[in-house]
Every structure is written in structure tokens, then in C-alpha cells.
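Chemist: Residues per chain are reported as follows:
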Amino acid sequence: MKRTRPWCTLLLIPLGLLALLAAAGCNKPAAPDFQKTLQERLINSKPGDAIDLPEGKFHFDRTISLTVNGVTLRGKGMDKTILSFAGQTTGAQGVLVKADEFLIQDLAIEDTAGDALTIQGGGNITVRRVRVEWTRGPNEGNGPYGIYPVECKNLLVEDSIARGAADAGIYVGQSENVVLRRNRVENNVDGFEIENSENVDAYENIATHNTGGMGVFNLPNLPRQGGKHVRVYNNQLVDNNTPNFAPKSLGPIHSLPTGTGMYILAIRDVEVFNNKIQNNNTVNVYIVHYKTVVDDEALRDTAASPITQQIFAPVDKRYYPFVQDIYFHNNEISGGGKSPDNRLPGVKALSDALGGKLPDFLYDGMVDPKWGHKPNSGQICLQKNGAAAFLNFDAAGQMKHPVHDLKPYSCSLAPLAPVAIPQIAVSAPGGK
Amino acid sequence: MIPRSARRGVARLALFCAGVVAVVGCGCSSQRTVNARVEEPFPKKLSDWHLFAATSRALQPNTGVVPYDLNTPLFSDYASKYRFVWMPPGTPAQFRDEGALEFPLGTILIKTFAFPVDGRATERLVETRLLVRTKSEWKPLSYIWNDAQTEASLETVPDPVKIKFTSLSGKRHEFTYVIPNANECHECHDNQKVLLPIGPKARNLNKNYAYSTGTENQLEHFARLGYLEGLPAPAARPRAAKWDDPQMGSLDERARAYLDSNCAHCHQPGGQAGYTGVDFRSTQREITQQGLCKSPNSAGAVGALSFDIVPGHPDDSILIYRLESTAPKVSMPALSRDVVHEEGVQLLREWIASLPGRCPASP
Numbered sequence: 009m010k011r012t013r014p015w016c017t018l019l020l021i022p023l024g025l026l027a028l029l030a031a032a033g034c035n036k037p038a039a040p041d042f043q044k045t046l047q048e049r050l051i052n053s054k055p056g057d058a059i060d061l062p063e064g065k066f067h068f069d070r071t072i073s074l075t076v077n078g079v080t081l082r083g084k085g086m087d088k089t090i091l092s093f094a095g096q097t098t099g100a101q102g103v104l105v106k107a108d109e110f111l112i113q114d115l116a117i118e119d120t121a122g123d124a125l126t127i128q129g130g131g132n133i134t135v136r137r138v139r140v141e142w143t144r145g146p147n148e149g150n151g152p153y154g155i156y157p158v159e160c161k162n163l164l165v166e167d168s169i170a171r172g173a174a175d176a177g178i179y180v181g182q183s184e185n186v187v188l189r190r191n192r193v194e195n196n197v198d199g200f201e202i203e204n205s206e207n208v209d210a211y212e213n214i215a216t217h218n219t220g221g222m223g224v225f226n227l228p229n230l231p232r233q234g235g236k237h238v239r240v241y242n243n244q245l246v247d248n249n250t251p252n253f254a255p256k257s258l259g260p261i262h263s264l265p266t267g268t269g270m271y272i273l274a275i276r277d278v279e280v281f282n283n284k285i286q287n288n289n290t291v292n293v294y295i296v297h298y299k300t301v302v303d304d305e306a307l308r309d310t311a312a313s314p315i316t317q318q319i320f321a322p323v324d325k326r327y328y329p330f331v332q333d334i335y336f337h338n339n340e341i342s343g344g345g346k347s348p349d350n351r352l353p354g355v356k357a358l359s360d361a362l363g364g365k366l367p368d369f370l371y372d373g374m375v376d377p378k379w380g381h382k383p384n385s386g387q388i389c390l391q392k393n394g395a396a397a398f399l400n401f402d403a404a405g406q407m408k409h410p411v412h413d414l415k416p417y418s419c420s421l422a423p424l425a426p427v428a429i430p431q432i433a434v435s436a437p438g439g440k
Numbered sequence: 127m128i129p130r131s132a133r134r135g136v137a138r139l140a141l142f143c144a145g146v147v148a149v150v151g152c153g154c155s156s157q158r159t160v161n162a163r164v165e166e167p168f169p170k171k172l173s174d175w176h177l178f179a180a181t182s183r184a185l186q187p188n189t190g191v192v193p194y195d196l197n198t199p200l201f202s203d204y205a206s207k208y209r210f211v212w213m214p215p216g217t218p219a220q221f222r223d224e225g226a227l228e229f230p231l232g233t234i235l236i237k238t239f240a241f242p243v244d245g246r247a248t249e250r251l252v253e254t255r256l257l258v259r260t261k262s263e264w265k266p267l268s269y270i271w272n273d274a275q276t277e278a279s280l281e282t283v284p285d286p287v288k289i290k291f292t293s294l295s296g297k298r299h300e301f302t303y304v305i306p307n308a309n310e311c312h313e314c315h316d317n318q319k320v321l322l323p324i325g326p327k328a329r330n331l332n333k334n335y336a337y338s339t340g341t342e343n344q345l346e347h348f349a350r351l352g353y354l355e356g357l358p359a360p361a362a363r364p365r366a367a368k369w370d371d372p373q374m375g376s377l378d379e380r381a382r383a384y385l386d387s388n389c390a391h392c393h394q395p396g397g398q399a400g401y402t403g404v405d406f407r408s409t410q411r412e413i414t415q416q417g418l419c420k421s422p423n424s425a426g427a428v429g430a431l432s433f434d435i436v437p438g439h440p441d442d443s444i445l446i447y448r449l450e451s452t453a454p455k456v457s458m459p460a461l462s463r464d465v466v467h468e469e470g471v472q473l474l475r476e477w478i479a480s481l482p483g484r485c486p487a488s489p
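These protein sequences, in sequence, are chains A and B.
Each residue of the first sequence is one higher than the one before, counting from 9 in this note's numbering.
Each residue of the second sequence is one higher than the one before, counting from 127 in this note's numbering.
Possibly wrong hints are sitting among the right ones.
As the list claims (entries may be wrong) - In silico DSSO-like links for lysine-lysine, alpha-carbon gap of 27 Å or less: (1) A/Lys415 x A/Lys365; (2) A/Lys54 x B/Lys170; (3) A/Lys161 x B/Lys319; (4) A/Lys54 x B/Lys265; (5) B/Lys171 x B/Lys261; (6) B/Lys207 x B/Lys170; (7) B/Lys237 x B/Lys319; (8) A/Lys54 x B/Lys171; (9) A/Lys54 x B/Lys319; (10) B/Lys288 x B/Lys207.
Claimed, not checked - With the C-beta cut set under 8 Å, the calculated list includes, among others, these residues of chain B facing chain A: (11) Gly232; (12) Glu263; (13) Asn309; (14) Tyr401; (15) Gly403; (16) Thr414; (17) Pro459; (18) Ala460.
Read the hints as simulated data drawn from the structure, not as lab findings.
Using N, Cα and C, we set each Cβ at its ideal position, and we do this for glycine too.
Work out the full structure: start from the sequences and follow the hints.
Modeler: So, in C-alpha cells, the structure goes:
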């Protein structure tokens, strides 16, 4: 209304014409009318509509959002149609979707203040050939998440790219029936995060040059608890040694050790096979109980205050912090732990005790007493993973009884069933 | 707080005059009735609803269009807000303890946002938002006022507006006021994908209002007009604290009323920020659910801080950090807050400073 307009931005004009204007060099900050036109189209769309975006780089200063079910948003390619949020002033997200049956493909979302693509509470969601990126590379001021579906059901993320996220490049949270395939994530703090989710297949993805390649975990205090049943296969989680650039403000991710291939935290029923997990300098695979990564001192301290006792003991009545029924087999796992991240006291203590290096597999050995006192009661099964070295560092016993021998862990578990979503009949041959 | 109460005085004055005019009948004699709509299409011009007298500037309510205000409202960039409700004759709202009153089909909730203008006695009307109870849902509609202040037009994606004024206390305000678009209405108003009114809860309406006919409790006024059914005895009616009046609630009650009105529409189960696990409804008594010593799970930027609320330490509390920011990734509430609400932050600072206990060392 009262804003001054640059000479080259005209009033409402068709998208195609805007593309021509953009090509003619009129794409300086705020092409407010492209933004406004697109937002109006999204608001006025009807189920079944496809909104086509032309080639060009388009500037946005405000989150754009969709709440209509059954809409497709598609560009001309992830390097051709670029939605740039550099200098964003309003809203944290780039594209915010709260709708079912949403398909987004062939475009890029760049330099958002917060998360690039947020999808909340949607059913039958497909993200295909979408690039999300912070173009200045790793930087603590980048947005936390690249592709961020949360509380979704029947979700497919494929052939997409995420770069530069200060938390996770591709995140899936509190969702069920999820397939992540053929994506590439690099230069993020965490490459992939699968959090509090159930029935997930992740395959043929590449995570490289992140701080950590992939996390599969449950956290307390989130509405959806009890994530489980995750299959991770035919992926490459290699050379994830980019120094952790998450600001302390992002919380626990700030403490992810640089050089983590994969971590599995407080979850059950995870099957990991046919992957390359290599050359991650702190550890290739880290399997842990919640309290191993949440500072023990913090937990002891809770005895001091009645209020904090309520909070941390237990953390969340519904939360189960143990890790169990984890099956790694037929992976190529090598070259890990050569240069652990001594920034973290826990990692340093462990690596000092082991002569400055860590094995490929690191397991804290924390088991629920109610499982009984038998060897490997958590059912951590590691088979045919090359010459990968192993250590159960006995977190509960303060490392008094470490176990290097793989024999107690040479077991197998029943294969998990492939994930079926409407977008693809069965996610892959899977099984074995 | 001085500028707020002073401006509230101005608001009162405006409404009082409007009421007098309505009673006297001047300018309203033609008495067009309110244009009740329960489905598309909706009028493109605000005047076509016949909610106000057809004269410029003053929001003189038509017959049956009843003003109200709230014990503790949502802060929106120091905008003055003028609220009215209209219901079809003979169909009262039903009283409810929790949440908004159960309004009948055809209800129109009307809220006009205005800002002071330097050197002018009158405010500039910026937008009038309607929530209309249609056959299928509550429909949000935003009407944007023209520069002449003679008419407001329906817009889906309104442009931001530059606002500049000096408050009565001498504080200079200059910012871009972002008017929510039709989707953004849902971000605050939706619960489990159903759009609901936020403000007119019984607990927030339970206060006196200076009507042109005299001061009266708003709930009783509604009941007397036939706009409300099922009103329990006074002692049984919930009542929200008035956030800026220590006579009208303890520090704890006022702080929690403020959080309820400013945060709980998103931060509650089923709300936009329900997934964060934080629930700011004043009825929520579980302390972990209100962010006390709670570390953020997967949300926005939180500074070099570990917990949402650290008892005794407002400067270490993410809640304060985010309320004191206007950066897009940091500021809360995420919408319609382009300036810091200093008086509101001060209240929450005092509240956090008063909380007992301590948090564990951060992870």
C-alpha cells in the first residue's frame, strides 16, 4: 500500500511475464508482485490444481504458504526455478505447507531465514527433485532445517538435495510411512534426521561432507513418542567431517561430534544393510541410550531441585530411552574414528583411553535392567560388516568392563518389512 | 503502561461518541440491517456488510453490532483494536467454560486495527478483520482501509504498511506492519485444521464495559441482549486476569493470562506449534508443558540459551530472548509482531524472576 516500488516491478502480471522481467534483470529484492501473485494463487487454488513456476530466480521477503489439499507446485528444474529468500524479513520458513496430497518438484529454495521447506501434518506428501540450500555454505546463521516434514503420514522425499542446514538437511519428524530415496545431503550439520518416526525406509541416499551423516532417534517431550521400524540400506554415509557449525542456540545438535557416520539413539527396530559407512573421523556408527548423550551431570544435578526432579526423572513418562533390536549386516564399514572430535569431553575421554582413535562401531552398552542379566540383552546384532572394529564402552560401569569382542553381538534379527506408501507400491526389493 | 492506558482512553472516547451517536440516531436513521452472509460470495467492500453507519472514520456500530473488549488481549504492534460482534436475531451464543463461546451460524466477529498518527487527534484505520461463521466453517476476511479512510476492501494478500508514530509517552515507533494474508490467519486460528475464534472466551469477556447505556459486565450485557445463553452464576464464571492491572490478578495469574492470550493459540495441542510440546494455555498446570527447564527440541533460534524458562533468570530464558527480538528466525509470536511489546516482556521478566527452583546444567 505505502511501499515504494522499484521501477521494474509492475502491478499484478502473469507469472510468465514476470519470468521475462526477471530475465531482463529486474529481479532485485522484492519482486513483491511475483511473491504476492504466487501467494494469491496458492490461497485461491483448488484441489487438483498444478501451479507451474517459470525459469528464473525470484526473490521473496516473506514465507509463502499453502493450506489447500491436492495442490502441485512445480518449477522447471532445481537449478532453473529458484525461490530465493535472501534478506527475508517476515516469517522464518521459506515454503510452509499444511495440506494433504501435496506435490512439490523441480525447484530450489535458497537462503531462507529459518527452515526452507516445512510440511506440517500432511498426508500423502511428495517432495521430488527439490534443492534446498544456503548458498554461503556452512554458517551458524543458516536456517536449521532444509526439508522439514513433521507429523506427516505417507511421505516420499526423493532425488532432492540439501546443503548448508545448521541442523539437518533432510529431516523427518513425528511421521509415519516414510520413504527417503536417492537424495543427496552435504555440508549440513546433520545430513538426515529421522526423529520420533515409525516405518521409515531410507535408501540410495548419499550423505557426505556433513558433520554427521544420519541420525535415527527418539527424543522426549515431543507429542509423538515411540518411533521405530526404520530400514536404512544402499546408502553412502562417507566423509562426514565438516566441523560442526550449529550454534549452541540450536540445542543438542551443537554437540554432535564432527565426523559421525550414523547415530542411533533411544530407538528400537532399526535394520541397516548394504550401506557404505566410511571415513567418518569420530566414529562410523554410534549406538546409544538417551542419557549417554544428555550430560550425566545435568541429570545428577536434578536431585538438587524439586522442580527439576519432576522434569528429568523421568524426562517424559511416555519416553523410553533405551536402544534395542538394532541389526547391522552386509555393510561396508571402514576407516572410521581416525581423528575423533575432542571438542566434546565425552569423546575426548574415550579416545584418550583408546590411544587417540575410536573403532568403527561404538555402543554404550546401556541395557534396561528388566531385560535380565544376559549378554547383549539389547539385541544389538552386527554381522558381515567387513573388518569393522567394535567397542561396547560400558557407559553404565564407567568404562570398567569394555567389550571389544564382536562375538556376543554376532546375531541376526528378522528382517523388517518394507514400507509401503501410496506414491510407490513397495519401496524397494527390500527384504532379502 | 502509561501510553497503553492513555490510548485505551482514546479508544473509549471514540466508542463512547459512537454509542451516543447511535442512541441519538443521527446518521443511522436509514437503519439498513446487517448483511448476514453464511456462504460465498462475501462483500468486496466492508461497507456492504452494513456493520457500521455509512459515515466516514468513526466506527459507529449498526443496530445489533455490540462492542466488547478483553481482559488480556493479543499484542499486535501497539495497534488499537476495536472489537464488535453481531449475531442473527434470536440465535444466542452458548456459554462455554473453555475456548471461545459457541457462536451461532451467521455470527460476525469484527476487529479493526488502528494506529496513531503524529499531529492528528484521530487514528489511522489500517484493517478490519472479520470472522464469519458460515455454513461450513469460520471464514476469515481482511478488509484494508483506503487512505481517505472512507472504505475498506477485501484482500487476500494485503501489502505491508509503514507505520510511524510517537506514543503519548514520547516513544518513537517506526516499523513495517505486516498484515496477515488469508493463509496466515489459519496459522494462529487453526486447531487441528479447524479455524476457531481466539479472543472471545468467557474468561476474557468476563469484565465490565462502558456501554453508552452505562457500565455493565460484558457477559451479562450479552445475555440481556439475547446474545448469550447458559450463563452461570457470577461465582461460576471463569475470569482471566488483566495482564497490566495488579488489582486484577497476581503476578502469576497475569503472566499466565498474557501467555494464554499471546502464545497459546499456537502453543497448545492441535495448534500450529503443538508439535513443540509447549502448552501455554492458562488451564495447563503441568510445569514441563509450559517450558520450565525445558530444552527446545527442534525449533528456531534460541540464542546461547538452554531452556525455555529458567526460574529466577529471565535473561537465561529463551522465552524472553524470543519476545525481545524482531529478527524473523527468532521473534515470537511469529506473526503480527514487528515491534517488541516492552510492557508485556517486563511482566514476564518479573514473573520468571519470581519462580522458585533451578534448572540442571544444560546438555
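Chemist: Of the numbered hints stated previously, which ones are contradicted by the structure, given in increasing order?
Modeler: 11, 12 and 17
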